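Given chain A, work out where chain Z should sit, using these hints.
Residue numbers (the working numbering), protein chains in the order written: chain A, 23 to 599; chain Z, 238 to 412.
No lab work stands behind these hints: they were computed from the structure. Treat each hint with caution, since some may be false.
EDC-like mimics (lysine to aspartate or glutamate), calculated; alpha carbons at most 16 Å apart, straight line [to be verified]:
(1) A:K576 with A:D398
(2) Z:K242 with Z:E295
(3) A:K348 with Z:E295
(4) A:K550 with A:D536
(5) A:K579 with A:D510
(6) Z:K402 with Z:E280
(7) A:K553 with A:E531
(8) Z:K313 with A:D342
(9) Z:K299 with Z:E240
(10) A:K348 with A:D321
(11) A:K182 with Z:E251
(12) A:K263 with A:E362
(13) A:K222 with Z:E310
(14) Z:K300 with A:D342
(15) A:K263 with A:E372
(16) Z:K333 with Z:E379
(17) Z:K307 with A:D342
(18) A:K348 with Z:E306
(19) A:K172 with A:E207
(20) A:K244 with A:D310
(21) Z:K333 with Z:E360
(22) Z:K348 with Z:E379
(23) Z:K299 with A:D155
(24) A:K222 with Z:E251
(25) A:K222 with Z:E360
(26) A:K361 with A:E378
(27) A:K579 with A:E531
(28) A:K243 with A:E378
(29) A:K182 with Z:E310
(30) A:K348 with Z:E296
(31) A:K384 with A:D286
A few chain Z residues that face chain A, going by a derived Cβ cut-off under 8 Å, partial list only [said to hold, decoys possible]:
(32) N258
(33) A262
(34) R266
(35) I269
(36) Q304
(37) K307
(38) V311
The structure displayed is predicted, hence computed values, not measured ones. Glycine included, C-beta positions come from ideal geometry on N, C-alpha and C.
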Amino acid sequence: METQTIKLQATDSQATERITGKEAIIRCLLAEGVDTIYGYPGGAIMPVYDELYKYQDQINHILTRHEQGATHAAQGYARVSGRVGVAIATSGPGATNLITGIADAQIDSTPMVCITGQVASHLLGSDAFQETDIIGISTPVTKWNCQVTKASEIPEVIAKAFYIARSGRPGPVLIDITKDAQFEEFDFKYKKCTAIRSYKPVPQLNLDEVAAAAKIINAAKKPLIVWGQGVILGKAEEEFKNVVEKSGIPAAWTILGASAIPTDHPLNVGMVGMHGNYAPNMLTNECDVLIAIGMRFDDRVTGDLNTYAKQAQVIHFEIDPAEVNKNVTADVAVLGNSKESLAALLPLLEEKSHTEWHQRFKDMYTIEYDKIINDDIHPTKEGLTMGEVLEGINTVTKGEAVIVSDVGQHQMIACRYAKFNKSKSNITSGGLGTMGFALPAAIGAQMGAPDRPVVAIIGDGGYQMTIQELGTIFQTKVPVKIVVLNNDFLGMVRQWQQLFFDRRYASTEMVNPDFVAIAKGYFIDAQKVTKREELAGAIETMLASDGPYFLEVKVEKEDNVFPMIPSGASVSDIRLE
Amino acid sequence: MSEIKTFTVSIYTENNIGLLNRISAIFQRRKINIESLNTSMSEIEGVSRFVIVINVTEEQIKKIIGQLEKQVEVIKAFYHTDEQTIFLETCLFKIKSDLLFEERQIQNIIKESNAQIVTVNKEFFVLEKAGRRSEIELLYRELSAFGIMQFVRSGRIAVTKDEMKISTMLAEFAE
Chain A
23 METQTIKLQA TDSQATERIT GKEAIIRCLL AEGVDTIYGY PGGAIMPVYD
73 ELYKYQDQIN HILTRHEQGA THAAQGYARV SGRVGVAIAT SGPGATNLIT
123 GIADAQIDST PMVCITGQVA SHLLGSDAFQ ETDIIGISTP VTKWNCQVTK
173 ASEIPEVIAK AFYIARSGRP GPVLIDITKD AQFEEFDFKY KKCTAIRSYK
223 PVPQLNLDEV AAAAKIINAA KKPLIVWGQG VILGKAEEEF KNVVEKSGIP
273 AAWTILGASA IPTDHPLNVG MVGMHGNYAP NMLTNECDVL IAIGMRFDDR
323 VTGDLNTYAK QAQVIHFEID PAEVNKNVTA DVAVLGNSKE SLAALLPLLE
373 EKSHTEWHQR FKDMYTIEYD KIINDDIHPT KEGLTMGEVL EGINTVTKGE
423 AVIVSDVGQH QMIACRYAKF NKSKSNITSG GLGTMGFALP AAIGAQMGAP
473 DRPVVAIIGD GGYQMTIQEL GTIFQTKVPV KIVVLNNDFL GMVRQWQQLF
523 FDRRYASTEM VNPDFVAIAK GYFIDAQKVT KREELAGAIE TMLASDGPYF
573 LEVKVEKEDN VFPMIPSGAS VSDIRLE
Chain Z
238 MSEIKTFTVS IYTENNIGLL NRISAIFQRR KINIESLNTS MSEIEGVSRF
288 VIVINVTEEQ IKKIIGQLEK QVEVIKAFYH TDEQTIFLET CLFKIKSDLL
338 FEERQIQNII KESNAQIVTV NKEFFVLEKA GRRSEIELLY RELSAFGIMQ
388 FVRSGRIAVT KDEMKISTML AEFAE
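So here's chain Z without its partners, still in its complex pose:
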């Protein structure tokens, strides 16, 4: 029985309506929980990229990649371990403005965590932090002692350390 690990799945697709449903169904019918999901444009015009994080065995991920690539509108799917990627998440904290001025400690936390203030008004200020999950969680714990009005975290985005040969592949597809 192989070990369960965290894998980042990158799926290059045509930008078509309904594809998210088709892709999520592949995970759903195998009872695999999606830890994080992000979709966006990719480096190639007209091609979308899904970045999905799941915890499975290597044997499972290989089969999932096969099922993903089988979808008509999926151009190519890849999987990587954390070691093979540069990845981060981003988050927003909404915090009462009073705290920013009254709690000196908060200013220190913001400075030390490399978080950015996005906006400030009389009622609240918004803090943005991008980084590894552990960094975001640390910041959350530190700020929660003072009270967080709202918090939201994005899905993981990732690029590989090695070259992703998707453009070459697309050229081959075109032949």
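For reference, chain A alone in the conformation it holds in the complex:
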């Protein structure tokens, strides 16, 4: 960090220096504090790679095995560290391969800067080799994007990119730089961007709105908080905890809000949404005040909007004005950064305990525990369950691990049962639901939090979508722990086929390869567990290992994830079986 600070001081000045565009790119990245880049070289970005060679003592470039892996790794890094993730790729296919990760980062508000090489400016629009209109392609899935054709534009555009990516509601930015601009010489100086005329990242906090919210909250008999990632992105964990504890209001989380307060906090009543917990879903349609904090009322959370919390007054704490009244109409909207909003709210709140109301959550938890949770995490049937694997991981990690999950049944199980003691511990693809996310994201997460255990929980389907990143793990020796919960099915799709498509298992059964042999082929320690008595020992061995480790657990082929709110149904139509 010290080196970067010195570099920043050296570049963020009025002094100019004649250098090439390619060197300017690296200098700008250093000035923004970038220490790690995920990427893949190719023709149009080769000048930048040539420059990276010179700067390799200052910037760690991670060669992923696919550009999609670079974006997911950058996302994992950003989500765990709270810094901007950086991915680079060449033009054409390199650039288009970034799109899935960019779209994922956009919907999950992840700060990321992607830099793509582009054909020389005189070839633009000529269908040149590896030319594609990546600005056009990425426009709907970026917070901002920009094409650079002159070296002199590089510093200002990169400065803007980092400012936009990390400020306000964070998001991905793409900069496309032509090859001639990378070679061109110009007089370089760097100035960090701190404001853009047309862009107001954080709305001005209105204290009247805060007071109005406090008045409704203080008068509530059955209030419910639903918090999302906005608490984590706003670095408002402490303020949030204070609000929850002083108001005594039961608080439930969306999938991306997980870990903002510890799982075992007495006021944490679990996850809302399609596979969330019974009590917070059911009681959403019974609460008299619903306090949404840094969440966007995603359809997986609300189910049928026509029946969602219709009886409740809704208070929405939100940084993005476009999210207010988008899906659910708010009686009071408090615009602003969650850290400031919640800090302003706290002194206005009355201390309460809501004992009877809490008892309703506890009673419903008991029902869910007896019907579902106990069988999931302490099964008595022969086949292994995904839940008991998570419980086994909890036992060893004691809630200290970063859990990176892919998408599917195992993801819902991981989010339901993993214990989180620290913020930024649940890294998953929430909004886009990207299979293939977890393996590369775990690489980035481990680099973003080198002192914490990182455990990737992946299904057999998603694992094979980006399995090539085992090569990155092998080469970098990043000590990520990979757990594949293998049911030889695309489990979530199969579950839907069972429940809603008359058990017609169209193309969901997978004949899988020898995953252990593949891991070992990449020189990664690996083992496979098929019996319950082997599980605890295998998890201990995995977590005790110094390097990367692969663990395959053969789980029941046709287990389902419950509770479940069928798509489009009301949250109170939640099914326990």
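Same frame as chain A, but now just chain Z:
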């Protein structure tokens, strides 16, 4: 279910390449057809103005304005009903010159419609008409009886009856 109405959307933006793509994508992904689109400089130096006409409900337009303002390079977006704006379109007709001299009725139509002759040569003359859509459509119908060689109509341009406080807002942005 609220009623579908015609709204004029005014978007003040930075004058940057690629912004049209970003703005049109907001309408496209919601399957909203743009009835008319015009971009030009605005009253503020360096600030562009989009004027877009769409037919949607008031609930939809509010959400669209939110999405438009979310774009980094959009300074401010407004929406107005027809009653709140002074608006017009402009059009050009290319017509055979013979008709101008041989069909007396055409001269009357030009006079009554307040259209302007832009140019005349041996082959054709060009007529320009600015006004409400209904006036332009009436003129089109009247002239089409004689034959129109070419016709083109611009997007709507509009100014509001009330003051648009964009300059004050820009001053606030600068603070």
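Going down the list of hints, with the structure as the test:
For the hint linking K576 of chain A to D398 of chain A, the alpha-carbon distance of about 15 Å falls within 16 Å, and the restraint holds. Restraint check for K242 of chain Z and E295 of chain Z: the C-alpha separation of about 8 Å stays at or below 16 Å, so the hint holds. For the hint pairing K348 of chain A with E295 of chain Z, the CA-to-CA distance comes to about 13 Å; that is within 16 Å, so the pair holds. Distance restraint check for K550 of chain A and D536 of chain A: the Cα-Cα separation of roughly 10 Å lies within the 16 Å cut-off, and the hinted pair is therefore satisfied.
Straight-line distance between C-alpha atoms of K579 of chain A and D510 of chain A comes to about 7 Å, which keeps the hinted pair within the 16 Å bound. Between K402 of chain Z and E280 of chain Z the alpha-carbon distance is near 12 Å, which keeps this suggested pair within the 16 Å criterion. Using a Cα cut-off of 16 Å, the hinted pair K553 of chain A and E531 of chain A is violated, with the two alpha carbons roughly 22 Å apart. Only pairs whose Cα atoms come within 16 Å are accepted, and K313 of chain Z paired with D342 of chain A is accepted, the gap being roughly 15 Å.
Pair hint K299 of chain Z plus E240 of chain Z holds up; C-alpha atoms about 14 Å apart against a cutoff of 16 Å. The suggested pairing of K348 of chain A with D321 of chain A holds, with an alpha-carbon distance near 11 Å, which does not exceed 16 Å. Proposed proximity of K182 of chain A and E251 of chain Z is supported: the alpha carbons are some 14 Å apart, at most 16 Å. For a cut-off of 16 Å, the pair hint linking K263 of chain A to E362 of chain A stands: about 14 Å separates their Cα positions.
Annotation: proposed proximity of K222 of chain A to E310 of chain Z holds, straight-line Cα distance about 10 Å (limit 16 Å). The straight-line distance between the Cα atoms of K300 of chain Z and D342 of chain A is roughly 12 Å, inside the 16 Å bound, and the hint therefore holds. Distance hint between K263 of chain A and E372 of chain A is fulfilled; the C-alpha atoms sit about 15 Å from each other, no more than 16 Å. A hinted pair counts as satisfied when its Cα atoms are at most 16 Å apart, and K333 of chain Z with E379 of chain Z qualifies at roughly 15 Å.
Pair hint K307 of chain Z plus D342 of chain A holds up; C-alpha atoms about 8 Å apart against a cutoff of 16 Å. For the given pair, K348 of chain A sits about 14 Å from E306 of chain Z by alpha-carbon distance, which is consistent with the 16 Å threshold. At most 16 Å may separate the alpha-carbon atoms for a hinted pair to count; K172 of chain A and E207 of chain A meet this at roughly 9 Å. The hinted pair formed by K244 of chain A and D310 of chain A meets the criterion: a straight-line CA distance of about 5 Å does not exceed 16 Å.
This hinted pair checks out: K333 of chain Z and E360 of chain Z have alpha carbons roughly 6 Å apart, not beyond 16 Å. Between K348 of chain Z and E379 of chain Z the CA atoms are separated by roughly 13 Å; this keeps the pair inside 16 Å, and the hint holds. Distance check on the hinted pair: K299 of chain Z and D155 of chain A sit about 31 Å apart at the alpha-carbon level, beyond 16 Å; violated. Between K222 of chain A and E251 of chain Z the alpha-carbon distance is near 14 Å, which keeps this suggested pair within the 16 Å criterion.
Under the criterion of a C-alpha separation no larger than 16 Å, the hint pairing K222 of chain A with E360 of chain Z is inconsistent with the structure, at around 56 Å. As the CA atoms of K361 of chain A and E378 of chain A are separated by approximately 30 Å, the hinted pair breaks the 16 Å bound. The hinted pair formed by K579 of chain A and E531 of chain A meets the criterion: a straight-line CA distance of about 9 Å does not exceed 16 Å. Distance check on the hinted pair: K243 of chain A and E378 of chain A sit about 10 Å apart at the alpha-carbon level, within 16 Å; holds.
A threshold of 16 Å between alpha carbons decides the hint, and for K182 of chain A with E310 of chain Z the separation of about 12 Å falls inside it, so the pair holds. Distance restraint check for K348 of chain A and E296 of chain Z: the Cα-Cα separation of roughly 9 Å lies within the 16 Å cut-off, and the hinted pair is therefore satisfied. Restraint check for K384 of chain A and D286 of chain A: the C-alpha separation of about 13 Å stays at or below 16 Å, so the hint holds. Using the Cβ-Cβ criterion of 8 Å, the hint placing N258 of chain Z at the interface with chain A is satisfied: the shortest such distance is roughly 5 Å.
For A262 of chain Z, the suggested interface contact is upheld, since its CB lies about 5 Å from the closest CB of chain A, less than 8 Å. A least Cβ separation of about 7 Å between R266 of chain Z and chain A falls short of the 8 Å threshold, and the interface hint therefore holds. Nearest Cβ of chain A to the Cβ of I269 of chain Z: about 15 Å, over the 8 Å cut. The hint is violated. Given hint, Q304 of chain Z at the interface with chain A, holds; its Cβ is 5 Å from that chain's nearest Cβ, closer than 8 Å.
Given the 8 Å rule on beta carbons, the hint for K307 of chain Z holds: about 5 Å separates it from the nearest Cβ of chain A. At its closest, the beta carbon of V311 of chain Z sits 6 Å from a beta carbon of chain A; the interface hint therefore holds under the 8 Å criterion.
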